[in-house]
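There are 4 protein chains.
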Amino acid sequence: MASVPAIGNAALPDIQAEAPAIELALQEAGITGLRYPITVHLRDGSQHHTVASVSWAASVASDVRGVHMSRFVELLHARRSRISVETMPALLEETRERLGATGALATFAFPLFLERTAPVTEEAAFVAYDCVLEGQLSLDATSGALTTLVPIKSLCPCSREISDYGAHNQRGNVEMRVTFDLNHGEGLDFTDLIAAAEEAGSARIYSLLKRADERYVTMQAYDNPAFVEDIVRSVAASLQPDSRIAHGRVRVVNEESIHSHNAYASVAW
Amino acid sequence: MASVPAIGNAALPDIQAEAPAIELALQEAGITGLRYPITVHLRDGSQHHTVASVSWAASVASDVRGVHMSRFVELLHARRSRISVETMPALLEETRERLGATGALATFAFPLFLERTAPVTEEAAFVAYDCVLEGQLSLDATSGALTTLVPIKSLCPCSREISDYGAHNQRGNVEMRVTFDLNHGEGLDFTDLIAAAEEAGSARIYSLLKRADERYVTMQAYDNPAFVEDIVRSVAASLQPDSRIAHGRVRVVNEESIHSHNAYASVAW
Amino acid sequence: MASVPAIGNAALPDIQAEAPAIELALQEAGITGLRYPITVHLRDGSQHHTVASVSWAASVASDVRGVHMSRFVELLHARRSRISVETMPALLEETRERLGATGALATFAFPLFLERTAPVTEEAAFVAYDCVLEGQLSLDATSGALTTLVPIKSLCPCSREISDYGAHNQRGNVEMRVTFDLNHGEGLDFTDLIAAAEEAGSARIYSLLKRADERYVTMQAYDNPAFVEDIVRSVAASLQPDSRIAHGRVRVVNEESIHSHNAYASVAW
Amino acid sequence: MASVPAIGNAALPDIQAEAPAIELALQEAGITGLRYPITVHLRDGSQHHTVASVSWAASVASDVRGVHMSRFVELLHARRSRISVETMPALLEETRERLGATGALATFAFPLFLERTAPVTEEAAFVAYDCVLEGQLSLDATSGALTTLVPIKSLCPCSREISDYGAHNQRGNVEMRVTFDLNHGEGLDFTDLIAAAEEAGSARIYSLLKRADERYVTMQAYDNPAFVEDIVRSVAASLQPDSRIAHGRVRVVNEESIHSHNAYASVAW
Numbered sequence: 422m423a424s425v426p427a428i429g430n431a432a433l434p435d436i437q438a439e440a441p442a443i444e445l446a447l448q449e450a451g452i453t454g455l456r457y458p459i460t461v462h463l464r465d466g467s468q469h470h471t472v473a474s475v476s477w478a479a480s481v482a483s484d485v486r487g488v489h490m491s492r493f494v495e496l497l498h499a500r501r502s503r504i505s506v507e508t509m510p511a512l513l514e515e516t517r518e519r520l521g522a523t524g525a526l527a528t529f530a531f532p533l534f535l536e537r538t539a540p541v542t543e544e545a546a547f548v549a550y551d552c553v554l555e556g557q558l559s560l561d562a563t564s565g566a567l568t569t570l571v572p573i574k575s576l577c578p579c580s581r582e583i584s585d586y587g588a589h590n591q592r593g594n595v596e597m598r599v600t601f602d603l604n605h606g607e608g609l610d611f612t613d614l615i616a617a618a619e620e621a622g623s624a625r626i627y628s629l630l631k632r633a634d635e636r637y638v639t640m641q642a643y644d645n646p647a648f649v650e651d652i653v654r655s656v657a658a659s660l661q662p663d664s665r666i667a668h669g670r671v672r673v674v675n676e677e678s679i680h681s682h683n684a685y686a687s688v689a690w
Numbered sequence: 422m423a424s425v426p427a428i429g430n431a432a433l434p435d436i437q438a439e440a441p442a443i444e445l446a447l448q449e450a451g452i453t454g455l456r457y458p459i460t461v462h463l464r465d466g467s468q469h470h471t472v473a474s475v476s477w478a479a480s481v482a483s484d485v486r487g488v489h490m491s492r493f494v495e496l497l498h499a500r501r502s503r504i505s506v507e508t509m510p511a512l513l514e515e516t517r518e519r520l521g522a523t524g525a526l527a528t529f530a531f532p533l534f535l536e537r538t539a540p541v542t543e544e545a546a547f548v549a550y551d552c553v554l555e556g557q558l559s560l561d562a563t564s565g566a567l568t569t570l571v572p573i574k575s576l577c578p579c580s581r582e583i584s585d586y587g588a589h590n591q592r593g594n595v596e597m598r599v600t601f602d603l604n605h606g607e608g609l610d611f612t613d614l615i616a617a618a619e620e621a622g623s624a625r626i627y628s629l630l631k632r633a634d635e636r637y638v639t640m641q642a643y644d645n646p647a648f649v650e651d652i653v654r655s656v657a658a659s660l661q662p663d664s665r666i667a668h669g670r671v672r673v674v675n676e677e678s679i680h681s682h683n684a685y686a687s688v689a690w
Numbered sequence: 422m423a424s425v426p427a428i429g430n431a432a433l434p435d436i437q438a439e440a441p442a443i444e445l446a447l448q449e450a451g452i453t454g455l456r457y458p459i460t461v462h463l464r465d466g467s468q469h470h471t472v473a474s475v476s477w478a479a480s481v482a483s484d485v486r487g488v489h490m491s492r493f494v495e496l497l498h499a500r501r502s503r504i505s506v507e508t509m510p511a512l513l514e515e516t517r518e519r520l521g522a523t524g525a526l527a528t529f530a531f532p533l534f535l536e537r538t539a540p541v542t543e544e545a546a547f548v549a550y551d552c553v554l555e556g557q558l559s560l561d562a563t564s565g566a567l568t569t570l571v572p573i574k575s576l577c578p579c580s581r582e583i584s585d586y587g588a589h590n591q592r593g594n595v596e597m598r599v600t601f602d603l604n605h606g607e608g609l610d611f612t613d614l615i616a617a618a619e620e621a622g623s624a625r626i627y628s629l630l631k632r633a634d635e636r637y638v639t640m641q642a643y644d645n646p647a648f649v650e651d652i653v654r655s656v657a658a659s660l661q662p663d664s665r666i667a668h669g670r671v672r673v674v675n676e677e678s679i680h681s682h683n684a685y686a687s688v689a690w
Numbered sequence: 422m423a424s425v426p427a428i429g430n431a432a433l434p435d436i437q438a439e440a441p442a443i444e445l446a447l448q449e450a451g452i453t454g455l456r457y458p459i460t461v462h463l464r465d466g467s468q469h470h471t472v473a474s475v476s477w478a479a480s481v482a483s484d485v486r487g488v489h490m491s492r493f494v495e496l497l498h499a500r501r502s503r504i505s506v507e508t509m510p511a512l513l514e515e516t517r518e519r520l521g522a523t524g525a526l527a528t529f530a531f532p533l534f535l536e537r538t539a540p541v542t543e544e545a546a547f548v549a550y551d552c553v554l555e556g557q558l559s560l561d562a563t564s565g566a567l568t569t570l571v572p573i574k575s576l577c578p579c580s581r582e583i584s585d586y587g588a589h590n591q592r593g594n595v596e597m598r599v600t601f602d603l604n605h606g607e608g609l610d611f612t613d614l615i616a617a618a619e620e621a622g623s624a625r626i627y628s629l630l631k632r633a634d635e636r637y638v639t640m641q642a643y644d645n646p647a648f649v650e651d652i653v654r655s656v657a658a659s660l661q662p663d664s665r666i667a668h669g670r671v672r673v674v675n676e677e678s679i680h681s682h683n684a685y686a687s688v689a690w
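Chains as they are written, first to last, in the numbering used here: chain A, 422 to 690; chain B, 422 to 690; chain C, 422 to 690; chain D, 422 to 690.
Hints are computed from structural coordinates only; laboratory data are not their basis.
Computed from a prediction, not measured in an experiment: that's the story for all the values here.
Identical copies look the same in the list; a pair holds intra-copy or inter-copy alike.
Calculated cross-link-like contacts (lysine to any residue; reagent style SDA-like; alpha-carbon spacing at most 20 Å):
| id | residue 1 | residue 2 |
| --- | --- | --- |
| 1 | 631 | 545 |
| 2 | 631 | 544 |
| 3 | 631 | 540 |
| 4 | 631 | 542 |
| 5 | 631 | 536 |
| 6 | 631 | 538 |
| 7 | 631 | 541 |
| 8 | 631 | 537 |
| 9 | 631 | 585 |
Construct all of the structure, not just a fragment, from the sequences and the given hints.
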């Protein structure tokens with residue numbers, strides 16, 4: 422490819438710093454959909470190499486035309502090896518400083534892999550839990566949000582009751598999102614949400630099951646039938662007493678095995 | 422396949438009508454991800470055959486175990502040929518009655534195809550606009566929401582200014598969501614949102630352009646450089662004076678042609 | 422937006438017609454990912470409004486730089502209301518003429534909605550079958566291909582056998598692709614493939630089931646356990662004798678309800 | 422959840438080992454869509470933590486009903502930290518042994534992150550390249566395949582030529598797939614494919630560009646206009662002389678910034 426004579430940054434005008442044609446403050450301007458290798462740190466000290474889809478933004482004052490988007494990528498590259506609830510406040514504070522903004526927000530969506538052992542043979546393998554870590558800094562608050570999607574097995578109580586034998590069952594997903602004060606979220610972590618959801622389905626889901634395990638899970642699910650409504654209520658009842666949670670939402674989606682569409686239920690508080 | 426002796430509905434127990442183990446009211450229980458052929462009617466009388474992804478739900482009282490999911494599909498099958506802002510209140514009212522619920526909500530997500538003519542040759546072809554029509558009925562309100570995604574072309578003002586020639590440009594998407602009182606949304610329609618967005622980019626996007634049109638669009642984009650922040654402000658300034666809109670959100674995402682990730686900006690009011 | 426003085430097509434140079442820097446013939450150059458409203462005609466005379474994702478291409482000779490992409494969109498806009506196996510040869514022939522090419526190919530991917538009645542109550546609703554219609558014209562052949570994805574319910578024979586009660590079951594998808602001589606594909610249609618697949622699962626999948634139907638489907642599935650391998654063999658045995666099919670491939674994917682990953686099997690002939 | 426009395430594997434019947442109802446050999450039966458944390462090793466000795474979507478299968482003889490799916494997950498869990506072209510033959514051989522099959526195949530699809538430095542400021546950040554590593558073992562061959570998707574920037578030669586100023590440009594993706602004899606693929610690696618593609622676009626794509634870099638890339642793209650056809654030819658001309666490659670396919674897709682659909686070209690040899 423033909424080459425281009427280079428000019429340094431300092432010699433080039435800063436168009437983003439101009440005044441905008443329309444004076445309107447924006448809550449968010451930044452980058453989204455950036456895939457990046459990150460290391461997530463959980464409260465138990467464990468570290469997890471994973472791949473995130475990252476959004477990162479700052480607020481824009483009414484008299485500023487635009488943000489300098491490359492700074493978010495510089496911040497991400499520098500901080501990628503230590504992404505956690507604990508590091509989020511400092512990350513947002515640095516964003517605000519580097520962008521000269523009053524507000525900042527960052528979102529990391531990634532699969533978290535946790536080792537699970539089969540219920541009878543105890544063979545180990547990883548299960549993927551889709552997680553989202555969000556942080557937001559504004560003039561008067563520092564809030565965080567955790568979202569986790571937990572795959573479960575559900576078995577239909579109606580189908581079991583009305584049929585002479587068998588019962589339809591299927592994959593379900595429990596999606597939980599909780600918000601909290603980032604400065605007072607002591608101990609809150611994805612694993613809290615995952616534990617609440619795995620107790621609530623008809624059976625857990627595993628990546629590796631031998632025949633003895635398959636028998637166990639099949640019968641366990643038949644013994645614990647649950648509608649989407651039942652599962653939502655069970656998870657919500659488990660999370661609602663937690664005083665660290667400012668707002669919560671539980672949504673369960675069952676991939677009904679008698680339909681191509683899904684059944685769902687949700688509750689927010 | 423082996424056959425099963427049939428028993429009528431009336432002879433089977435109604436498990437959903439049972440009392441739940443946990444007494445907790447749910448805002449939503451229903452179906453989601455059901456693809457269905459529908460006909461969308463716009464305010465100008467035009468009718469559009471399209472394919473929707475449908476969610477439909479009702480609230481669940483604290484003393485009822487679950488909803489009867491098949492009723493949503495019956496309603497959809499009966500009403501599929503006339504989906505519009507105007508028919509939404511009756512559709513929600515019927516949902517509430519059939520499900521014996523105090524709340525109801527329905528969401529139709531579909532591509533809307535509008536014919537567009539090329540700027541010079543005036544050749545015609547369809548452009549797809551992703552739309553979402555939502556309605557919600559609660560004890561004290563009947564609210565609606567329209568969401569539209571409008572593809573545009575954006576050309577970077579910074580790139581143009583700092584380069585001796587050329588400027589990077591790319592596809593962008595303007596996503597607008599407005600909520601309104603379903604009983605007082607006179608005349609509000611997807612086409613209002615689309616018009617606001619198509620004025621705000623560096624150039625419109627077409628499905629069919631001949632060489633003379635391509636020249637026109639190329640130069641028009643160069644003449645109208647716009648950051649995501651500029652486009653958001655322009656669309657918001659156009660929609661904010663509309664008193665029918667209760668809440669609005671504009672989000673613009675540029676698929677930056679110098680990166681694999683996107684730039685975005687958003688504002689809500 | 423600022424306007425641009427227009428110049429007609431005829432006054433502009435034709436860059437695509439230039440000689441390429443590297444003399445290499447290309448099998449395909451065209452458009453892809455174009456969403457368009459089309460009407461699909463089946464052999465039984467039925468017409469189906471749907472939304473397609475369209476790819477359309479022509480071959481490029483070694484001494485020609487590029488194709489004129491807008492011509493595919495012109496052809497699509499003109500022919501959109503009559504897309505079928507029967508109209509494919511003429512569509513390809515016209516493509517070849519308009520593009521001045523020796524080869525042409527077109528692909529339409531769309532959901533086909535067929536009305537299905539519940540097994541006991543006989544209530545009707547649409548089921549979506551993802552279909553792909555492909556045609557290819559080269560110097561010495563006119564070939565077609567039909568691909569259909571049929572959702573089914575599968576119940577695991579192993580789980581049923583090893584458990585004291587219950588059996589895990591789930592959504593499955595039967596994907597069939599068959600190629601044939603477009604000039605001698607008499608009567609071959611998506612419905613042939615769909616029928617073969619719906620016989621092969623543990624039970625069919627419906628969009629609308631009342632309680633009596635749910636009981637029927639639950640017990641029918643328990644009575645007809647089938648591994649992915651069983652289903653593939655059953656569908657293949659049904660399609661292989663059809664002498665109109667030049668090449669076939671059957672692939673079944675089960676969305677295992679005891680795992681987050683899928684089980685699959687496939688055979689090609 | 423209620424618990425289930427456990428029975429060991431040995432006491433349970435092996436349904437998969439039964440004779441099938443239809444005696445038909447299957448090329449593939451296994452797992453697909455399993456997300457797993459893996460470490461990819463490249464020929465230069467570098468190691469890359471990433472997340473893969475894994476498919477793993479074995480052939481099924483005509484007199485065997487099904488495969489034991491859990492064995493693929495056991496193999497993956499044991500071998501996940503050393504996935505590479507070099508380890509593929511042993512991995513396939515072990516699969517064949519553990520499954521008692523004549524054929525085996527494994528596919529790992531993952532983003533590979535390589536550090537790239539901006540052309541002027543030389544700031545570093547990761548770029549994601551979607552890669553697929555495939556291996557297949559049959560009675561008479563051990564073949565491998567590498568697929569890589571390389572994001573590039575393309576600038577339209579026609580638009581540049583016919584316009585008084587500016588030129589439309591956009592993201593493009595170069596997809597290359599090459600097959601080779603796994604026992605004689607000395608030195609072949611994803612980085613060979615990536616290098617070929619990055620030379621062929623109008624400009625490279627980066628995750629981090631400062632203003633001086635943006636200027637460079639903008640002008641470089643304007644200086645190097647290229648149709649999808651041009652890019653395909655350039656990449657193919659670069660790869661075709663490589664005698665290690667048995668079969669190759671290059672496909673370039675441009676996300677046209679004047680349309681919502683894409684332009685593409687492809688060649689196979």
